[in-house]
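S.K.: If you want the building blocks of each chain, they are given just below.
2 protein chains.
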Amino acid sequence: MSQTKLSEFDIIQRYFKRPVADVDLGIGDDAAVVSPTPDMQLVVSADTLVSGRHFFENADPYKLGYKSLAVNLSDMAAMGAKPRWVMLSLTLPENLNETHPVWLSQFASGFLDLARTYQVALIGGDTTGGALNICVQIMGEVREKRYLRRDGAKPGDDIWVSGYLGDAALALKHTLGIIRLSQSEMNHCMPALHTPKARVELGQHLVDLAHSAIDISDGLLADLGHILTCSTCAAEIKLDAVPCSRVMKQHMSSSLALECLLTGGDDYELCFTAPKNNNSVIEQISQVLRVPLSVIGEIKQGTGLSVIDAQGKEVIMQKKGYDHFAT
Amino acid sequence: MSQTKLSEFDIIQRYFKRPVADVDLGIGDDAAVVSPTPDMQLVVSADTLVSGRHFFENADPYKLGYKSLAVNLSDMAAMGAKPRWVMLSLTLPENLNETHPVWLSQFASGFLDLARTYQVALIGGDTTGGALNICVQIMGEVREKRYLRRDGAKPGDDIWVSGYLGDAALALKHTLGIIRLSQSEMNHCMPALHTPKARVELGQHLVDLAHSAIDISDGLLADLGHILTCSTCAAEIKLDAVPCSRVMKQHMSSSLALECLLTGGDDYELCFTAPKNNNSVIEQISQVLRVPLSVIGEIKQGTGLSVIDAQGKEVIMQKKGYDHFAT
Numbered sequence: 001m002s003q004t005k006l007s008e009f010d011i012i013q014r015y016f017k018r019p020v021a022d023v024d025l026g027i028g029d030d031a032a033v034v035s036p037t038p039d040m041q042l043v044v045s046a047d048t049l050v051s052g053r054h055f056f057e058n059a060d061p062y063k064l065g066y067k068s069l070a071v072n073l074s075d076m077a078a079m080g081a082k083p084r085w086v087m088l089s090l091t092l093p094e095n096l097n098e099t100h101p102v103w104l105s106q107f108a109s110g111f112l113d114l115a116r117t118y119q120v121a122l123i124g125g126d127t128t129g130g131a132l133n134i135c136v137q138i139m140g141e142v143r144e145k146r147y148l149r150r151d152g153a154k155p156g157d158d159i160w161v162s163g164y165l166g167d168a169a170l171a172l173k174h175t176l177g178i179i180r181l182s183q184s185e186m187n188h189c190m191p192a193l194h195t196p197k198a199r200v201e202l203g204q205h206l207v208d209l210a211h212s213a214i215d216i217s218d219g220l221l222a223d224l225g226h227i228l229t230c231s232t233c234a235a236e237i238k239l240d241a242v243p244c245s246r247v248m249k250q251h252m253s254s255s256l257a258l259e260c261l262l263t264g265g266d267d268y269e270l271c272f273t274a275p276k277n278n279n280s281v282i283e284q285i286s287q288v289l290r291v292p293l294s295v296i297g298e299i300k301q302g303t304g305l306s307v308i309d310a311q312g313k314e315v316i317m318q319k320k321g322y323d324h325f326a327t
Numbered sequence: 001m002s003q004t005k006l007s008e009f010d011i012i013q014r015y016f017k018r019p020v021a022d023v024d025l026g027i028g029d030d031a032a033v034v035s036p037t038p039d040m041q042l043v044v045s046a047d048t049l050v051s052g053r054h055f056f057e058n059a060d061p062y063k064l065g066y067k068s069l070a071v072n073l074s075d076m077a078a079m080g081a082k083p084r085w086v087m088l089s090l091t092l093p094e095n096l097n098e099t100h101p102v103w104l105s106q107f108a109s110g111f112l113d114l115a116r117t118y119q120v121a122l123i124g125g126d127t128t129g130g131a132l133n134i135c136v137q138i139m140g141e142v143r144e145k146r147y148l149r150r151d152g153a154k155p156g157d158d159i160w161v162s163g164y165l166g167d168a169a170l171a172l173k174h175t176l177g178i179i180r181l182s183q184s185e186m187n188h189c190m191p192a193l194h195t196p197k198a199r200v201e202l203g204q205h206l207v208d209l210a211h212s213a214i215d216i217s218d219g220l221l222a223d224l225g226h227i228l229t230c231s232t233c234a235a236e237i238k239l240d241a242v243p244c245s246r247v248m249k250q251h252m253s254s255s256l257a258l259e260c261l262l263t264g265g266d267d268y269e270l271c272f273t274a275p276k277n278n279n280s281v282i283e284q285i286s287q288v289l290r291v292p293l294s295v296i297g298e299i300k301q302g303t304g305l306s307v308i309d310a311q312g313k314e315v316i317m318q319k320k321g322y323d324h325f326a327t
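Residue numbers (full-length UniProt numbering), protein chains in the order written: chain A, 1 to 327; chain B, 1 to 327.
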């Protein structure tokens, strides 16, 4: 392991500059130049990961690189967009740069391996010194006006969720020593926390089928709540219908597990609403993509979000979801 | 001044969400949607400002918001691109959020006032908690292949610089107590440091005239050095020809001032190279835009960058320019 301090240019050249297709001018100039596809619209979002808030200081750098891109791909999924180009702005503390070039190399590998999977080109960004901060900005494309949005839910829509919720939050609670998972339970839950799958293909398939969509990053209740606020409607969801893994099922008697399921966040599954007459097509998509899709409730007129348990009683949650400024 | 803690959504709604033209879907969904102009290419860059490194913790928030966008506009200028859309990812420490909503309001005003000047739309970003970190990502447009790049300089090109160099660095050295400026000198130099002008119009005018261009953010020698490295050529510049203000002239006997002029950075002027037969057109542009433009030297065959003083002797500088990881 080298002890040599790397300059900003060394870092970019060594770890991040790889030949990429679909880019007219890549890393190394004042800006990158790319050619949008004719008649497509550009879909743009950004997500920042901060040490001590979104990940532990000693996080595995490969997985951290992977997750930094995954959470941004998830925003493209929630829009039904095809991800194309990505910018990475890294603020690195001295100690990472001075003594751990291996950290950078592994971080870059995690990021770029996932980028390759989705044929997303890393076209630029910035590298500077300071408290570890990973800011990723992603650009994708959709055909004109053919994107998923938060404000289109309609009373009568079924509410759908992809995959299983709460495993990432269980893994986090285990890491924090708040709950105790067995080794096999950890093996199941940790990938959900550290290397979440973005539902990119699913999002693109839903463009003509769903009335609204969001990715679950702050917890089901908070994110479905955004759909309701933007769409000016209410929802009722059935607790028993919320999809959960066998690990989550084993812990469901604990109120902490219930909190993980409904408000934990970091799921990066899609929550979407669609008219009931699209159900059979949506179920076909589930089979073709091999992504579990579950109806968890229905959009109603009015305001508010109710969770109903097996006995027909309303479940009251204290915490609605993750706030980046909560202490 | 309110003592209420603001959530991520409050912050965006109160300070950053303003109606903007040219945006199909703006702040408030998983991503923004915009329509690139047909037959134009997209030019994308990002720049991060970190507290304690790029600005002082107690920096005026209006000017900081202004500068955060200005340095990104400068990258668009260096590409000859028309800036269109911008993303702002803010990492805010608790104390700014809890006790200083006025900080946020002023920061947003500085950023958005400059955005309005250039008709750039703030379309999204992220807000999270942590050490103060301002990551801006900007998108502009150019006609196909009509952009300025670093790698096109040719032997025989004149080397040009816009405006005056070194005033921002003088202001910084004064603030750090390293040199002493009079009140009137400070009045002259401080705006160069805190509210630099990006040469956006100039960049667009140079697209068909300049062989290469860069914006001077890390200091003349470092940034011209990038042009030389990318273009595989050498340069000779005449110290006396490097444009400097009356304040800089008064301090030029000091080696510190010379350092500010050649290696100080934070100038956000353009350095470009152009064939000599474009000189008269470039001088006309200077007059029309009222931007001083000076020939400071010539591109040569070979490698290396020499600075020659009035006596024909080479000036040797110890420090070549700003490195974001230098201690």
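If you're looking for bench data, these hints aren't it; they were derived computationally from the structure.
Since we're looking at a predicted model, the values are computed, not measured.
There may be inaccurate statements among the hints.
Since the list can't tell identical chains apart, any single copy or any two copies may satisfy a pair.
Lysine-lysine pairs mimicking DSS-like chemistry, simulated, CA-CA at most 30 Å apart [said to hold, decoys possible]:
no., residue 1, residue 2
1, K145, K313
2, K63, K238
3, K249, K300
4, K17, K145
5, K276, K63
6, K82, K238
7, K17, K154
8, K145, K63
9, K17, K300
10, K300, K313
11, K249, K17
12, K197, K313
S.K.: Determine for every hint whether it applies to the structure shown.
M.R.: Structure-based check of all given hints:
For the homomeric pair K145 and K313, neither the shortest alpha-carbon distance inside one copy (41 Å) nor that between copies (63 Å) is at most 30 Å. For a Cα distance limit of 30 Å, the shortest separation of K63 from K238 qualifies neither inside one copy, at 34 Å, nor across copies, at 51 Å. Taking the shortest Cα distances, K249 and K300 sit within 30 Å of each other inside one copy (28 Å), while across copies they are farther apart (72 Å). Taking the shortest alpha-carbon separations for K17 and K145, only the inter-copy value of 22 Å comes in at or below 30 Å, while the best intra-copy value is 34 Å.
Proximity of K276 to K63 under the C-alpha cut-off of 30 Å is found in neither arrangement, the shortest distances being 38 Å within a copy and 53 Å between copies. For a Cα distance limit of 30 Å, the shortest separation of K82 from K238 qualifies neither inside one copy, at 32 Å, nor across copies, at 51 Å. For the homomeric pair K17 and K154, the shortest alpha-carbon distance between copies (25 Å) is at most 30 Å, but the shortest distance inside one copy (46 Å) is not. For a Cα distance limit of 30 Å, the shortest separation of K145 from K63 qualifies neither inside one copy, at 34 Å, nor across copies, at 37 Å.
For a Cα distance limit of 30 Å, the shortest separation of K17 from K300 across copies, 28 Å, qualifies, whereas the shortest one inside one copy, 50 Å, does not. Only within a single protomer do K300 and K313 lie at most 30 Å apart by alpha-carbon distance; the minimum there is 18 Å, versus 81 Å between protomers. For the identical chains of this complex, K249 and K17 are neighbours neither inside a copy (44 Å) nor across copies (41 Å), given an alpha-carbon limit of 30 Å. Taking the shortest Cα distances, K197 and K313 never come within 30 Å of each other, neither inside one copy (33 Å) nor across copies (62 Å).
In the structure shown, a violation is registered for the earlier hints numbered 1, 2, 5, 6, 8, 11 and 12, in ascending order.
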